Each structure stands twice: as structure tokens, then as C-alpha cells.
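There are 2 protein chains.
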Amino acid sequence: MRAEIITVGTELLLGQTLDRHSQYLSQECSPLGIGVYYHTSVGDNRQRLLEVIQLASSRSELIFLCGGLGPTMDDLTKETLAEYLDVRLIQDPETVTHLEKLFVGRTIATNNFKQTYVFPDGVVFTNQNGTAPGLSVKSKGVTYICLPGPPNELVPMFETSIRPFLLQLLPEKQVIDSHTLSFFGIGESLLEERLNDIIENQTNPTIAPYAKEAGVTLRITAKAKDKTTAHAMVQPTLSAIMERVGEYCFSEKEESLEEVVISFLKQQQRTLSVVESCTGGLLAHMVTSVPGSSEVFKGGIVSYTNEVKNQIAQVPLDVLQQHGAVSSWTAESLATQTLKQFQTDLSLSITGVAGPDPSEGKPVGLVYIGLAEKGQPSRVYQFQFKGSRRRIQLLAAKYALFILQQCLKKGETTT
Amino acid sequence: MRAEIITVGTELLLGQTLDRHSQYLSQECSPLGIGVYYHTSVGDNRQRLLEVIQLASSRSELIFLCGGLGPTMDDLTKETLAEYLDVRLIQDPETVTHLEKLFVGRTIATNNFKQTYVFPDGVVFTNQNGTAPGLSVKSKGVTYICLPGPPNELVPMFETSIRPFLLQLLPEKQVIDSHTLSFFGIGESLLEERLNDIIENQTNPTIAPYAKEAGVTLRITAKAKDKTTAHAMVQPTLSAIMERVGEYCFSEKEESLEEVVISFLKQQQRTLSVVESCTGGLLAHMVTSVPGSSEVFKGGIVSYTNEVKNQIAQVPLDVLQQHGAVSSWTAESLATQTLKQFQTDLSLSITGVAGPDPSEGKPVGLVYIGLAEKGQPSRVYQFQFKGSRRRIQLLAAKYALFILQQCLKKGETTT
Numbered sequence: 001m002r003a004e005i006i007t008v009g010t011e012l013l014l015g016q017t018l019d020r021h022s023q024y025l026s027q028e029c030s031p032l033g034i035g036v037y038y039h040t041s042v043g044d045n046r047q048r049l050l051e052v053i054q055l056a057s058s059r060s061e062l063i064f065l066c067g068g069l070g071p072t073m074d075d076l077t078k079e080t081l082a083e084y085l086d087v088r089l090i091q092d093p094e095t096v097t098h099l100e101k102l103f104v105g106r107t108i109a110t111n112n113f114k115q116t117y118v119f120p121d122g123v124v125f126t127n128q129n130g131t132a133p134g135l136s137v138k139s140k141g142v143t144y145i146c147l148p149g150p151p152n153e154l155v156p157m158f159e160t161s162i163r164p165f166l167l168q169l170l171p172e173k174q175v176i177d178s179h180t181l182s183f184f185g186i187g188e189s190l191l192e193e194r195l196n197d198i199i200e201n202q203t204n205p206t207i208a209p210y211a212k213e214a215g216v217t218l219r220i221t222a223k224a225k226d227k228t229t230a231h232a233m234v235q236p237t238l239s240a241i242m243e244r245v246g247e248y249c250f251s252e253k254e255e256s257l258e259e260v261v262i263s264f265l266k267q268q269q270r271t272l273s274v275v276e277s278c279t280g281g282l283l284a285h286m287v288t289s290v291p292g293s294s295e296v297f298k299g300g301i302v303s304y305t306n307e308v309k310n311q312i313a314q315v316p317l318d319v320l321q322q323h324g325a326v327s328s329w330t331a332e333s334l335a336t337q338t339l340k341q342f343q344t345d346l347s348l349s350i351t352g353v354a355g356p357d358p359s360e361g362k363p364v365g366l367v368y369i370g371l372a373e374k375g376q377p378s379r380v381y382q383f384q385f386k387g388s389r390r391r392i393q394l395l396a397a398k399y400a401l402f403i404l405q406q407c408l409k410k411g412e413t414t415t
Numbered sequence: 001m002r003a004e005i006i007t008v009g010t011e012l013l014l015g016q017t018l019d020r021h022s023q024y025l026s027q028e029c030s031p032l033g034i035g036v037y038y039h040t041s042v043g044d045n046r047q048r049l050l051e052v053i054q055l056a057s058s059r060s061e062l063i064f065l066c067g068g069l070g071p072t073m074d075d076l077t078k079e080t081l082a083e084y085l086d087v088r089l090i091q092d093p094e095t096v097t098h099l100e101k102l103f104v105g106r107t108i109a110t111n112n113f114k115q116t117y118v119f120p121d122g123v124v125f126t127n128q129n130g131t132a133p134g135l136s137v138k139s140k141g142v143t144y145i146c147l148p149g150p151p152n153e154l155v156p157m158f159e160t161s162i163r164p165f166l167l168q169l170l171p172e173k174q175v176i177d178s179h180t181l182s183f184f185g186i187g188e189s190l191l192e193e194r195l196n197d198i199i200e201n202q203t204n205p206t207i208a209p210y211a212k213e214a215g216v217t218l219r220i221t222a223k224a225k226d227k228t229t230a231h232a233m234v235q236p237t238l239s240a241i242m243e244r245v246g247e248y249c250f251s252e253k254e255e256s257l258e259e260v261v262i263s264f265l266k267q268q269q270r271t272l273s274v275v276e277s278c279t280g281g282l283l284a285h286m287v288t289s290v291p292g293s294s295e296v297f298k299g300g301i302v303s304y305t306n307e308v309k310n311q312i313a314q315v316p317l318d319v320l321q322q323h324g325a326v327s328s329w330t331a332e333s334l335a336t337q338t339l340k341q342f343q344t345d346l347s348l349s350i351t352g353v354a355g356p357d358p359s360e361g362k363p364v365g366l367v368y369i370g371l372a373e374k375g376q377p378s379r380v381y382q383f384q385f386k387g388s389r390r391r392i393q394l395l396a397a398k399y400a401l402f403i404l405q406q407c408l409k410k411g412e413t414t415t
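Chains as they are written, first to last, in UniProt numbering: chain A, 1 to 415; chain B, 1 to 415.
These are calculated hints, taken from the structure and not from any lab test.
Since the model is a prediction, treat every value here as computed from it, not as a measurement.
It does not matter which identical chain is used: a pair holds within one copy or between any two.
With a straight-line Cα cutoff of 27 Å, these simulated BS3-like cross-link-like pairs (lysine-lysine) come out:
1. K101 <-> K386
2. K374 <-> K340
3. K362 <-> K386
4. K212 <-> K266
5. K409 <-> K212
Modelling step: build the complete structure from the supplied sequences, incorporating the hints.
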């Protein structure tokens, strides 16, 4: 079923309101097998709205209209739709009763009664959180659904009434099975190049890459008559992808590196501490953004000066003086000393130059990441990142998590 | 000038991505006197995109196309526009050089070169944060502007290149003077309520409030024939606003609390350290996200367990045992001990319950913020925040910065 979503309101076009409804309804339609092909926002203007409805009616079988059901003069969604369909709205006694209940003890403004008019031969969806009911009407093979604009009215109405209504509409039961693979350490274009032939030759399942701020996800989606068939259709594609680029895949779900790392640590009952210089707290923040991280994360140090690296993080002065703060020696010492001080099983360190200016004569983007592991030799990795200060900090923190994830995945050591 | 915005990407229609660009561009166009009449989202589909471009070209003089400039096969915005305009894209040597600089030392994937093709007789806007340049081309009275989809590329490109470009396009030379005031500690609706009469009665200058993730900004914009007149028109409104809500205004520019704090510290030549529990590194990260923060920020501790609060952050055991980790006593001890250990002029501490579960029998959202100042009695502030874990962490870190900003502003103490 081909659908589109129209949001109505001049405030959208002035940028005063962010349109979240189109995303919400799209998210809800997708698993029902309803394909959304367009989102359109248009102002509170009869002529332009009429044209938008006309165009939508020529290309879609299901049209959502959100907003413009209020009591004021510039609310004209259903009136304009009625004009397009050439029908006359009629007063709905049940909606009048609903309104009277809501206003019990208060005077109902005359223009509120405008909200009691509905489509003849249409469907009325009671609004549990406001005065404007939802409305549906079908004409010439197109189903129109009008929904109130306020999110606290639209969302509950969708949950309670619209989803069940849509399920009845669906011509043939189609089910979707969607899998997401999360990658790090490989760019979107390189990933696609490696999978070019697989992506090109597939129509069901489809494969869609999405670049994240750091990392890429691939979504593999199959459509079939039932869940089992759809699920089975996805499997060969999944295997083929993993065979080629599995080394960069850190999760077979849509989750972040920090979530994966925290899960591993919990499973393996191991604890973590961090010590960071150029990322200035970002690594600790990423780790602690995961609920429940306190079970495995003890804490960290942000060592932004050499003084703090020496006095708080306990890097020997001669290491700092001989090799500098941005060096593999300092990265290693930071990690091993923090492992000891915090008494954890693992410790990550980051030291580097985030910019905008070079430091110690070392270039912007040079970063060392250290990993100390109880009872194991420590390791240091060197990177040369490009981009803004923000990007260098982000990549450094994410690569530290990726290094830890690789280590935890391999279970290279015994706990 | 009649404009519309087209966002391109199947991820929008699947609801995987929220379209913020249409709102952002609308907000930016409005004070320039550019009227936005439609927002449209369409998928990565040549035929449908072509139809959308065709319709837009028939009704608008300025068309923004966002997204679909990436290196992969499903990025087809400029190719489809070129097809509609019946022109052949040409390789731009400067964009090739830019790409080679970005990739120095790494292999450029073949499909990245797709991004070096531009419109003949068009305008190319360099992308400081990515590989896809912005593009503009004019045909039959319609100006098209193609912008890259990632927000961290689109927004800086708009600020740097697109706004000046639009100002040149405007038929009548009009100059804009725009001032931004940044507020914290007051909600958008309360701010608007306090300024209701001023906002309602103004058409030039206009006053537009924007809610940020934490805080609100007000943009006051005047239009006139020259800069001096526009500037003078803004002043009485600015004074009226500051008289009513000036206490919440932390900057008369568009800048973040962390930027303001770092500027103050540099001016006053004072140093800072932080120690945080429930914010887990976010406060240090905010501070160190400001370039040049290393001049005044020495570092911090993330004390996620009582053990670390005691052994690393040196909070006496009896304080932790008697009052708990989430208490004003612990907040105070954290701040004063960290001030001593890090030998800084100021130290901020945060301890609280970010959730999702309560801790020590204390409710989610309870947060204590401590401020220690060399030679001054330390202070502790108690908050009860509402919302998700992420929101509580964000508010706690921002309030800590706001407390520090208020302290630095008052110059309550001598340096």
C-alpha cells in the first residue's frame, strides 16, 4: 500500500515547530508493510493545501493529514478535504456529547463546535486527550486519515485507534523482517564498494547503508507473507555480508560501541577504568551514557596537563620528559598506572593532539590509545586522525572502544 | 522570494532519520524575508525525485535540496537535478584537490570522485567538514541549492557560505542585523510569557525564541537599508528584554555555557578542575570541547564508585558512610579535595542519581553540585531534575557550568 503524509501548519514552514509526526507515522507504517513515499508540509492556506491534496490523491492510496483540526479559522484541513471530495460535513452527535463532557461546568466557545463536524460515511476516532476527533473517509480508492496536530493527542490516538484501523485496511498480509549490522573502522563508501554486487542485485531483501557520526550501519530488510519466510530470506544475504566485511562488524543489532562493550564486560564480569587526555572526558562520558554501566565501570581520570598526568595519573616524570605527553610510552604508562590505581581488570588510555594547534611539535590528529589488561602485556595503538577538534576527539574515543571491543570479543585472555 | 525545501533520503521515509534540516533552513530563511511555502521529503528514487523537482520548479524561485550528495549509488540528488535541467556535470579541480587533502595518506575510493562533479556555470561551496561540496545553479529564473545531508556539514556550510550567498540573491538590497541572547535556567514558555507583549507587538525587529537542548536563545532581527539603521533598530528591544529576564542571560552572543566559562577563566587567569560522579565525564567533556580550554582546565576525576571517591578523589570514608555518595557533604568534599589535589583556583563537583534506578534509596534526578574556590567557603546546590538518564546528566553538567558562570561573572572574589 502506497502512502504519504501531509502535515499542515504555517508554524512548520516558519521553522517554529519541528515536524516529528512524519517520522513517527513512517516508523509505524513501515512494519505494517505500508510504504510511505512522500512527506509534505504545507501552511494554513486553503489553495495550497487543496493542491497538495489533489497531487497526493493522484499518486497514493493512503493519505495522512496531520494538524489543522483545531477550532480556529486558520484550521482548515477537513474543510479543504471536504471541498476537494465535494462532500458536506455533518455534525456528529457523539462528538458533541464528548465535547460537552470535556467542558462540563465551563462554557463551550462557539468555534469549538466546528470540531464536531465529520465526513458523511466516514469513521470518527475519539480524541481522549483533546477536542478534535480523528477522521477517516474513503473516496475513489483513496483512504484519508485526518489526525489532530498536538503530539499528545496524535500519538495516543494512533496507538489506540489508527493502528488497528490500518491493519483492517491491508489488502494482503505482508510482514517485514529487518536486521541491522553495525560497523566501525570502515567508511560508508568503502563498505559499499566491497558489497557492490550484493547490494545491486538485491530487491528482496533490500540492503541499505547508513552513515552514522562514527561508523556505518547496514539494514537488510525482507518482505514476505509471514515472519518465518521473511526471516529465512534475510539469512543468505547476512552470511554473504559477514563473510566479506565481518571483521568490521561490532554488532548484529543497531547498538553503539559503548553498549556492546558494557554488555561484554558484564558477561565476563570484568571492570574498566579510563584515563584520557585529548578526549577530555568524552570516553568516560560515552561509557557512562549506557544505563547500568556502574556495574563494571569504576571511573577515570582526565589528565589535561603534564602535572596531572604525573601527580594524579602517576606517569613517571622521566617518561613525560623523555618522550612527551603524546607518545606511546605515556599512553602505556597511563593505562598501566590507572589499571593499578583503580584496581580494574582493564584500562583504556588516550593521549593525543585534538587541535586546533599542534602540541609538543606533534601534529594535530596524532593520537595514541593504550590498553592495559590484568596479567597481560599492555598494548598501544597509534592513529593519525583528520578533521575538526570535535571529530578527532570523537574518533579517538570510538577507536578506544573498538579496540576494547575487539579484545573482549576475542576473549584473548582468561578472566 | 518564494522558496521550498526538499529533503532526499529513504531513511526519512522509513522514519529512521528525523528531518531537522527543513526546520533549520526555514528558521534561517524567515529573517531574510524569504518565504518558505513547502517542505517535501522524497526517497532515493530517481523518478520520484525528478517529479518533485519538476513540481517545485513550477512554483518556487528558490529550491533547497538536502541530502543525496554522498559517494554511493543511491545518492542521486545532483545527478537527477542535472537530468531535469538537461546539463552535464563537470569535474571541479578545486574539489578534487580538497578531496585529496582530506584523504592524504589514505586511498580515495573510486566512488568518492563522484563528489567532485559540479554544475557548469554553477557555484561550489567548499565543505569544511566532509567530502561533498554544496552546489548552486540557476536556470529559468529558479535558483537551486544542493546541500550535504549530515547536519555537521550542512549547518556550518549554511553559516559560512549559504547565508551570504542568499543575501546577494535578494532582489532589494536589504541588510539584516541580528542579535542572539543565550539564556539558561528559564524555560522557553516562561521566557515567552514574560516577553509576550514585546514579542507580539514587534514586526521589525522580530523576536524569535529557539529552545536548545539545554537553555533557550532569543534572536532579535531588524531589517533596514543599511547596517547602522538596522543596528539602531535592535537596541531598544534588546534593552527591554534584558530588563525583564537579564538575570537568566549568560551571553549576548550565540555561544555555549562552556565557551563563556572558558573565556571568563582566561580573562581572570584562573584554573579549573572537575570531579564528577553521575555525569560520568560529561562535564569535563563539555569543558574540553572548547578549543584552548587547556590553558585553564587542568583535568578531573570520574568517580563512579565509592572506592574511587575515597581512594582517588580523597573523600573521607566517614563522609561517604554517614551521608552517602549522593549528599551535599560528599559534593562539598569532592570539590574541596579536588581543588587541593589538582591545585586549581576553582573546582566543580557533581554527585547524583542519573537513573534509570534509584541509588542509596535516593530518587532518580537528585543531584548535588559543589563549587570550591581558593580562599573562599565552598558552596553546594541541590537539584531535583526530571527526565531520562541522558537529560539528567545533561542538566546536571549544564547547571554546574551555569553556577560557575554566575560566580565568575559576579567576580565575587578577588583572583
